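> Sequence:
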Amino acid sequence: MSAASPTLEKFVQPLPIPSVREPDGQRDGADAYEIAVTEFTQQLHPDLPETTVWGFDGSYPGPTIEADAGSPVHVRFDNSGLPSEHLFPVDDRLGGTTAENHPGYDGPVPEVRTVTHFHGLELDPANDGQSDMWTSPGGVEGPRFDSAWQELPMEQGRTTSTYHDHTLGITRLNAYAGLLGLYSITTDAERELGLPSGDYDIPLLLQDKEFNDDGSLHYPEEFVSAFLGDTAVVNGAVWPYVEVEPRRYRFRILNGANHRSFDLQLESESGSGVPTMYQFAPGHGFLESVVPIGPNGDLDSLLLTPFERGELVVDFSDHAGETLTLANGADMGPELTDLVEFRVSDPSTPPEDASADPTSLSLPAPTSYDESDARVTREMTLGTEVRNGLITHTLNGHVFGDEDAPVYPQLGSTEIWELQNESGGRHPIHLHLVTFRVIGRGPDGTQPPDPNELGPKDTVRVDPGERVRILVTFGGYTGQFPWHCHMLEHEDNKMMIPFVVENPVADYANEENVVDATGLTDAVGDWRNETLETEVLLEVIDQWRSGDEVA
Numbered sequence: 352m353s354a355a356s357p358t359l360e361k362f363v364q365p366l367p368i369p370s371v372r373e374p375d376g377q378r379d380g381a382d383a384y385e386i387a388v389t390e391f392t393q394q395l396h397p398d399l400p401e402t403t404v405w406g407f408d409g410s411y412p413g414p415t416i417e418a419d420a421g422s423p424v425h426v427r428f429d430n431s432g433l434p435s436e437h438l439f440p441v442d443d444r445l446g447g448t449t450a451e452n453h454p455g456y457d458g459p460v461p462e463v464r465t466v467t468h469f470h471g472l473e474l475d476p477a478n479d480g481q482s483d484m485w486t487s488p489g490g491v492e493g494p495r496f497d498s499a500w501q502e503l504p505m506e507q508g509r510t511t512s513t514y515h516d517h518t519l520g521i522t523r524l525n526a527y528a529g530l531l532g533l534y535s536i537t538t539d540a541e542r543e544l545g546l547p548s549g550d551y552d553i554p555l556l557l558q559d560k561e562f563n564d565d566g567s568l569h570y571p572e573e574f575v576s577a578f579l580g581d582t583a584v585v586n587g588a589v590w591p592y593v594e595v596e597p598r599r600y601r602f603r604i605l606n607g608a609n610h611r612s613f614d615l616q617l618e619s620e621s622g623s624g625v626p627t628m629y630q631f632a633p634g635h636g637f638l639e640s641v642v643p644i645g646p647n648g649d650l651d652s653l654l655l656t657p658f659e660r661g662e663l664v665v666d667f668s669d670h671a672g673e674t675l676t677l678a679n680g681a682d683m684g685p686e687l688t689d690l691v692e693f694r695v696s697d698p699s700t701p702p703e704d705a706s707a708d709p710t711s712l713s714l715p716a717p718t719s720y721d722e723s724d725a726r727v728t729r730e731m732t733l734g735t736e737v738r739n740g741l742i743t744h745t746l747n748g749h750v751f752g753d754e755d756a757p758v759y760p761q762l763g764s765t766e767i768w769e770l771q772n773e774s775g776g777r778h779p780i781h782l783h784l785v786t787f788r789v790i791g792r793g794p795d796g797t798q799p800p801d802p803n804e805l806g807p808k809d810t811v812r813v814d815p816g817e818r819v820r821i822l823v824t825f826g827g828y829t830g831q832f833p834w835h836c837h838m839l840e841h842e843d844n845k846m847m848i849p850f851v852v853e854n855p856v857a858d859y860a861n862e863e864n865v866v867d868a869t870g871l872t873d874a875v876g877d878w879r880n881e882t883l884e885t886e887v888l889l890e891v892i893d894q895w896r897s898g899d900e901v902a
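The sequence shown begins at 352 in my numbering and counts up one residue at a time.
There's no promise every hint is true.
Stated by the list, open to error - FRET-style restraints, in silico, Cβ to Cβ:
#1 454 x 572: 19 to 27 Å
#2 454 x 876: 48 to 56 Å
#3 680 x 816: 52 to 60 Å
#4 572 x 738: 43 to 51 Å
#5 884 x 594: 28 to 36 Å
#6 718 x 814: 22 to 30 Å
#7 697 x 435: 47 to 55 Å
Rather than coming from a laboratory, the hints here were simulated on the basis of the structure.
These figures come from a predicted structure and were not determined experimentally.
Don't be surprised by glycine CBs; every beta carbon is placed ideally from N, CA and C.
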């Protein structure tokens with residue numbers, strides 16, 4: 352590791368707000384975006400020389416992509432403007448960094464490769480931006496690359512999340528270099544809530560960095576299992592401030608750090624009281640009810656592990672003329688306490704505020720769930736062992752990635768996954784394709800979830816010695832999808848493995864992928880022999896009646 356970053360004065364620059372990206376046109380009835388992935392310099396602090404970063408459309412973080420639910424979006428990321436040499440050293444001991452250690456591939460593996468994943472979107476595999484679907488600036492394509500265009504139906508519920516790099520073996524480097532941005536899906540139900548909007552709707556993308564004296568980003572030359580920076584960067588600015596009015600604001604907070612968790616709370620410069628943070632969503636949909644966070648709330652602080660989100664309303668009305676700080680109480684690596692400063696103005700006339708009181712928000716009910724719907728309960732024990740001098744992550748006693756996918760859920764089925772953490776560190780576990788509900792946590796998984804986990808999630812915190820139980824329905828698409836730890840150093844070090852969603856109806860289709868009379872007869876026979884569930888038989892009958900190809 353390097354020496355500490357140069358000493359930088361805090362709160363001397365305003366918080367930048369990522370621009371909203373306008374579509375470039377239409378493609379097959381969808382809003383089309385052609386986004387350049389390039390290397391450039393950007394001023395991250397007034398006392399630092401400009402820093403070389405990577406980003407989308409010449410911006411770090413990238414521009415925000417906004418969509419209405421049900422309005423499709425097509426995106427093409429063009430990385431031909433990146434150099435052939437990476438911004439940071441690539442450790443070729445990690446899988447996916449050379450032709451010799453890249454699974455399922457024996458072609459050239461350029462040092463610079465990218466692929467972009469829309470975190471939390473329900474997508475088919477070809478559009479999911481999975482780790483072996485990369486391309487290089489020189490046109491080399493990874494083994495499962497399908498198309499330069501990613502087609503996003505945006506058919507799920509309201510979402511605030513991130514698009515970020517997901518390249519096998521170098522995700523931690525590419526994301527640290529700057530390859531991430533925000534996206535959102537808005538619904539009519541969200542608009543009807545009366546949440547603060549426009550200038551009063553502020554994203555906060557939280558990261559930690561380390562700088563060299565010349566302003567360049569520092570990252571260790573050899574692999575480390577946990578990178579923790581000593582400098583807070585929010586929306587691409589080091590320790591910024593934001594001027595707010597004494598009224599209500601909405602904040603969309605994303606932990607975009609490689610490894611660091613943020614345990615967030617408001618603090619007052621004068622030591623007086625602070626406003627309550629009212630969380631209404633965990634990134635997807637809505638919570639069952641608004642959760643007050645703060646000294647007198649249901650929770651003392653908002654804990655976000657990497658790539659978890661929290662959406663809040665904060666009312667500054669009673670704090671005119673005060674200075675508040677968004678502080679981090681998580682004890683990890685170099686202390687990183689202060690993140691953002693809020694300077695509340697003191698106008699002679701209070702500002703107009705037509706937004707809804709967060710204490711009286713009537714949130715749309717999350718989709719109901721029932722543990723009895725689960726067909727299968729799967730035990731997923733997370734551990735570690737040392738291999739080739741590296742701490743390597745294990746699943747049920749086997750090194751991640753050493754075996755084929757151990758999980759083959761059926762399309763439309765519901766399962767319980769019990770995530771038992773027997774390693775020494777925290778793991779935020781993320782499943783592609785799906786959202787899930789947390790149904791239990793604690794040493795034996797029987798304690799209730801935290802109040803702000805009572806809603807749809809795609810990433811869940813699993814602490815050492817803890818068992819976390821999630822209920823997940825595998826709807827939407829068949830095919831191969833990864834699930835992994837979202838601490839990027841862990842992800843790059845093999846803590847990622849696929850699950851494969853299968854359609855049982857396909858077993859009864861003919862060579863034309865259609866269920867004919869023979870397939871129907873076979874299905875009825877299996878049902879009579881009690882080897883086929885009634886639910887699947889009914890799906891086979893519907894498929895036979897329709898005459899359509901099986902999905």
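> Now tell me if each hint is right for this structure.
Going down the list of hints, with the structure as the test:
For residue 454 and residue 572, the Cβ-Cβ distance of about 25 Å falls inside the hinted range of 19 to 27 Å, so the restraint holds. Distance hint check for residue 454 and residue 876: the Cβ-Cβ separation is about 39 Å, which falls outside the suggested range of 48 to 56 Å. At about 21 Å, the CB distance of residue 680 to residue 816 disagrees with the hint of 52 to 60 Å. The hint said 43 to 51 Å for the Cβ distance between residue 572 and residue 738, and at roughly 21 Å that hint is violated.
Under the hint 28 to 36 Å, the C-beta atoms of residue 884 and residue 594, about 60 Å apart, miss the expected range. Hint check: residue 718 to residue 814, Cβ distance near 27 Å, so the stated range 22 to 30 Å holds. Hint check: residue 697 to residue 435, Cβ distance near 54 Å, so the stated range 47 to 55 Å holds.
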